[in-house]
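Line order of the protein sequences matches chains A and B.
With the first letter of the first sequence counted as 1, position 159 gets the number 159 in my numbering; the numbers rise by one all the way through.
Throughout, my numbering is defined as the position within the second sequence, counted from one, plus 1000.
Any given hint could be a false lead.
Derived pair list, reagent style DMTMM-like, types lysine to aspartate or glutamate, alpha-carbon separation capped at 20 angstroms [claimed, not checked]: (1) A:K176 x A:D152; (2) A:K460 x B:D1103; (3) B:K1182 x A:D369.
No wet-lab data here; the hints were simulated from the structure.
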Amino acid sequence: MFVKLKSVAHMGLVSVPVDVEIDVATQGFPGFTIVGLAGKAVEEARERVKTAIVNSGMDFPGKKITVNLAPADLPKDGGAYDLPIAIGILVASGQIVLPDASMSALFYGELGLFGDVRATRGVLLVGLFAKKHRIKELFVPFASAGEAAVVDGISVYPIRHLKEFVGHILGSPSVKRLTPIKETVASDDAVEFDVADVAGQEQAKRAMLIAAAGGHNLLMSGPPGAGKTMLARAMPGLLPALTTAEALEVTRIYSVAGLLPSGASLMRRRPFRSPHHGISPAGIIGGGSNPLPGEVSLAHLGVLFLDEMAEFPRSVLESLRQPMEDGEVSIVRVGAHVSYPASFTLLSAVNPCPCGYLGHPKRACICSDKQVRKYRSRLSGPIIDRIDLHVLVPAVETEKLSGAQGNAENSKTMRELVLKARAIQEKRFSNDGFYTNSQMKNKHVKKYCEMDGATQRILKLAVESYDLSARAYFRLIKVARTIADLGGFANITITHMAEALQYRPTL
Amino acid sequence: MTNIAPHIASLDDLTSPPKQLYYRGTWDKTLFTKCAAVVGSRRMTQYGRMVVEKLVPQLVQEGYTIISGFMYGVDQVAHRQCLECGGRTIAVLGWGINWNGMDRDDKKLMGEIEKNGLVLSEWEDQKPTLWTFPMRNRVVAAIAHDVFVVEAAVKSGALITARIARKLKRTLWAVPGPVTSKTSEGTNQLVAVGHAQIWIPRSESLKKEAPSDNPIINLLESESMNASDISRKLGEPIDKIGAELSLLVLSGDVMEREGTYYVR
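Construct the entire structure; sequences and hints are all you get.
Set out below in structure tokens:
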């Protein structure tokens, strides 16, 4: 007998329908074949499915079984087809009969040898796919079902075990469909890392505030132990909470990557990724024969933190160019051509010299001039050119900190300022299709950044005395624009421009 | 093609003067009439740089030719500073005049020195090695009339220069530094044992106008510090202080290096 069930394959973030066709022949030698460009994991489904059926107390038919995954030219991989194959065999061998509604349902999940249904990545995408294609019912693993439950208009049936599913079909319906989770914006006032945890560093904190408000990329340079990493970790807490649409976007990426914790539904926190400098280009932009998202996509709408940026291989830093420019990254492999969103705020930290103690008040630097120059030359180039804010994070002398305290900013007050500044920007760019000052092109700079004569004179003077490039010139204006927005000013004044000069490139 | 330098009288003071000297640039006898050597550590600190920036302009103003050893650190900063304020400078190399192993920056600086002074060496193609630098130091000490030591550790080439200078009865000056700093131990010792005279910047109290009414400048006059420290000391928000600092730097009232602000 012949049965056709529906499932889904993912190409990056795009889901495509897959028909799982199962034929249990009445003639021919007993056997079990899977065709349809099945990857290694799908090939091995034979063993899993066979054992799972037997261990669920059902019969595995000793007949010629052929499974076809259509379309035939689309590569398929992963364990998600175990569930439709197993159920298809049970139906085709006449052991169970699916109601009509369930014949057109989506089946998606990996089986264990005992018939248990294991957490499978990409369930959120299956849910979104079902809604888009008006598919009513969805049978997915219990552990991952929460992901799909955020999609409304579909019935999600979470399954723990193959036996449970069979009981549900044969006897009384025992698997309850999940009630859709009404996601409201989480009130995550509790930030993991507060900027107030870092002593001193007023200027670095100010730079972070500007970066968060205008979506600018930030480079911090300073000796070890000054607080660069702690400051960086506080960055997500300064950014506005994810909207539901944004949360869905982020969760999709994590669902595909299989990084969602079991039972989780929507990601509410802005992602913070800090890859080690030993990472490969494929690790940072994504890769694999069916490409998985890399760090730039996992940091989508959040923060990508490159600690010790000078230690990253040049090829990795170069590969950041496209995502930083386009907000997405395309990966081409033999099997697939996919693109993932990758719009992130780049936060980077460097030491001022190889040993780290150049300009330290107490410890002597042991690097020669030449070493320092070589170290810095590794940073120069295309990535540095895309970083708007440069700030020094000097060593903190604890004795200097005692005394003036109390006015220390904390993440909550800073985020309020960020929200205000972002609201101004959103209004300004409502017709331009972007949200923050950092995304302005030169024509927008000319349109939105009005300056009086005195401010222009200061800018001109700065360009001459610091020998700034044309690109640095526009960056300076963008930063000044954000500073003005933080103060609620319509035009950029001389103070804003002068402060922006504090954050010009110094390396 | 290598130019061989004419005889320099002051080199005769040495017990073993170089057999000949090679030079680049245009030979000018007057370069040697009043010479000050500015030598010091390769591992110069922020303080050392500030000292050179004060010392060299003053020497140039008094008509000195600045002599140094063209090594990175104090030497090269002294050469650069001298050229910047329009002085003439002589670089005595610790390697052969035609040795081609220098990097681009060094070559560029050498080209500038050739235009406004001389580059000297007692070798043609010698590579830099451990023994060439002390040899070079004796030439620096002999040509100079005054030797200024800026930042030197206890065991350093600058102290070799200082010892030779003393033997040749040149006037030896040392710039004192913080007693906690390793790179000032040598100079402080020169002063402590009475080998060198203390050099301090010419007092500007006489020609100085009324004290500035800018609190930032007042603060920086006693101690150099970074923007965050200034903001904390004055109890003003960092955005305001940052803006003011930028304007002060642009107007030339305040200097900034590696994030530390200071007044000249």
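Results of checking the hints against the structure:
no., hint, verdict
1, A:K176 x A:D152, "16 angstroms, holds"
2, A:K460 x B:D1103, "33 angstroms, violated"
3, B:K1182 x A:D369, "18 angstroms, holds"
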